[in-house]
Amino acid sequence: MKRDNHSFLAHLCEKAERYDDMVLHLKEVIGAGGELSVDERSLLAIACSRMVCTRRSSLRTILSIEQQKQPRVNEEHITTTRGYRKKIENELETICSDVLDLLDGSLIPNAGTVDSKVLYYKMKGDYSRYLAEFTSGEKHTAAVSSAYNAYKIATDFVQTEFAATHRLRLSLALNVSVFYYEILNLHDHARHLANCAFDDAIAELDGLAKEPDDESISIIHILRDNLSRWISPDNGQRGASTQGKLRETLSVTC
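The opening residue of the sequence shown carries number 1224 in the numbering used here; numbering runs sequentially from there.
Treat the hints loosely; a few may be bogus.
25 Å max Cα-Cα, derived SDA-like pairs, lysine to any residue [stated by the list, open to error]:
{"no.": "1", "residue 1": "1375", "residue 2": "1453"}
{"no.": "2", "residue 1": "1340", "residue 2": "1287"}
{"no.": "3", "residue 1": "1225", "residue 2": "1244"}
{"no.": "4", "residue 1": "1309", "residue 2": "1358"}
{"no.": "5", "residue 1": "1310", "residue 2": "1290"}
{"no.": "6", "residue 1": "1238", "residue 2": "1438"}
{"no.": "7", "residue 1": "1362", "residue 2": "1311"}
{"no.": "8", "residue 1": "1310", "residue 2": "1299"}
{"no.": "9", "residue 1": "1340", "residue 2": "1369"}
{"no.": "10", "residue 1": "1340", "residue 2": "1419"}
{"no.": "11", "residue 1": "1250", "residue 2": "1324"}
{"no.": "12", "residue 1": "1433", "residue 2": "1316"}
{"no.": "13", "residue 1": "1340", "residue 2": "1263"}
{"no.": "14", "residue 1": "1250", "residue 2": "1284"}
{"no.": "15", "residue 1": "1375", "residue 2": "1328"}
{"no.": "16", "residue 1": "1310", "residue 2": "1280"}
{"no.": "17", "residue 1": "1238", "residue 2": "1314"}
{"no.": "18", "residue 1": "1225", "residue 2": "1256"}
{"no.": "19", "residue 1": "1433", "residue 2": "1453"}
{"no.": "20", "residue 1": "1225", "residue 2": "1258"}
{"no.": "21", "residue 1": "1225", "residue 2": "1242"}
{"no.": "22", "residue 1": "1238", "residue 2": "1281"}
{"no.": "23", "residue 1": "1340", "residue 2": "1378"}
{"no.": "24", "residue 1": "1375", "residue 2": "1306"}
{"no.": "25", "residue 1": "1375", "residue 2": "1444"}
{"no.": "26", "residue 1": "1250", "residue 2": "1327"}
{"no.": "27", "residue 1": "1362", "residue 2": "1372"}
{"no.": "28", "residue 1": "1250", "residue 2": "1237"}
{"no.": "29", "residue 1": "1340", "residue 2": "1321"}
{"no.": "30", "residue 1": "1250", "residue 2": "1316"}
{"no.": "31", "residue 1": "1310", "residue 2": "1324"}
{"no.": "32", "residue 1": "1309", "residue 2": "1284"}
{"no.": "33", "residue 1": "1362", "residue 2": "1438"}
{"no.": "34", "residue 1": "1362", "residue 2": "1409"}
{"no.": "35", "residue 1": "1309", "residue 2": "1244"}
{"no.": "36", "residue 1": "1250", "residue 2": "1268"}
{"no.": "37", "residue 1": "1250", "residue 2": "1321"}
Cβ-Cβ distance ranges computed for the label pairs, FRET-style [said to hold, decoys possible]:
{"no.": "38", "residue 1": "1333", "residue 2": "1356", "range": "20 to 30 Å"}
{"no.": "39", "residue 1": "1231", "residue 2": "1454", "range": "46 to 56 Å"}
{"no.": "40", "residue 1": "1447", "residue 2": "1304", "range": "16 to 26 Å"}
Bear in mind the hints are in silico, worked out from the structure with no lab data behind them. We put the CB at the ideal spot given by N, CA and C, even for glycine.
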């Protein structure tokens, strides 16, 4: 089957919300060689994010159930719940590892534009971070290191190449700040990163001849929302851990 047909089928799968199939066709596109087009990069980011999004949400739900105090402890139910959590974790690990293999093996080496490099390194940071959320020991350490290094490379690119209101720069800043807050537990630095990205974008908005795209505006709002949750406990307020799950971006593309 020709590359164009696989690309068409990927579009078809997106409309049908068949994201696993969508990724399979995009793998064929990647395997055909050459750099992905802007449209193909967008499809890949969407497909991968949809595959992990539902499973991450499922994992958070199961973890919440495990942490609930029950009036009576049913050991069989506890074991069953733990086993189901492990099943979801295994699925997530497989998906994330598969995406990271695609990035390291084909996409990053063939990236010929700044836009594609930033997207791919951002994705590498994101999917490494997702692994760090539930792994432990050496796997966790490796995932954290991979996320940190990938985010740093992507950040170095956007600081010099993209405007403060560019949706990919904003998306990267948002997800990096979540990484620092949730994974590294460096709350002050996370607030600093999010605040700088928000302030820079707001300052730039005043000088723009036209409004940025809706995606950029949406991310600016998410940055503001996260900052409102990240109120320092030193000020007598509750931290983000008691305010619910932090918001991030999953499928922003260039």
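Hinted pair residue 1238 and residue 1281, Cα distance within 25 Å: Holds, at roughly 23 Å.
Pair hint residue 1375 and residue 1328, alpha-carbon separation not exceeding 25 Å: Measuring from Cα to Cα gives roughly 20 Å; hence the hint holds.
Distance restraint between residue 1250 and residue 1316, which requires alpha-carbon spacing of 25 Å or less: holds, 18 Å
Pair hint residue 1250 and residue 1268, alpha-carbon separation not exceeding 25 Å: holds, 12 Å
Given pair status - residue 1419, residue 1340, alpha carbons within 25 Å: Roughly 23 Å separates the two Cα atoms, so the pair holds.
Residue 1238 paired with residue 1314 [C-alpha distance capped at 25 Å]: With Cα atoms ~23 Å apart, residue 1238 and residue 1314 stay inside 25 Å; holds.
Restraint status (C-alpha distance of residue 1362 to residue 1438 at most 25 Å): The hint is violated at about 33 Å.
Given pair status - residue 1284, residue 1250, alpha carbons within 25 Å: violated, 31 Å
Proposed proximity, residue 1244 with residue 1225 (alpha carbon, max 25 Å): holds, 16 Å
Given hint residue 1321 paired with residue 1340 - CA-CA distance at most 25 Å: holds, 18 Å
46 to 56 Å as the expected CB spacing between residue 1454 and residue 1231, which holds or is violated: holds, 48 Å
Proposed proximity, residue 1263 with residue 1340 (alpha carbon, max 25 Å): holds, 14 Å
Checked against the numbered hints given earlier, the structure breaks hints 2, 12, 14, 19, 24, 33, 40 and satisfies all the rest.
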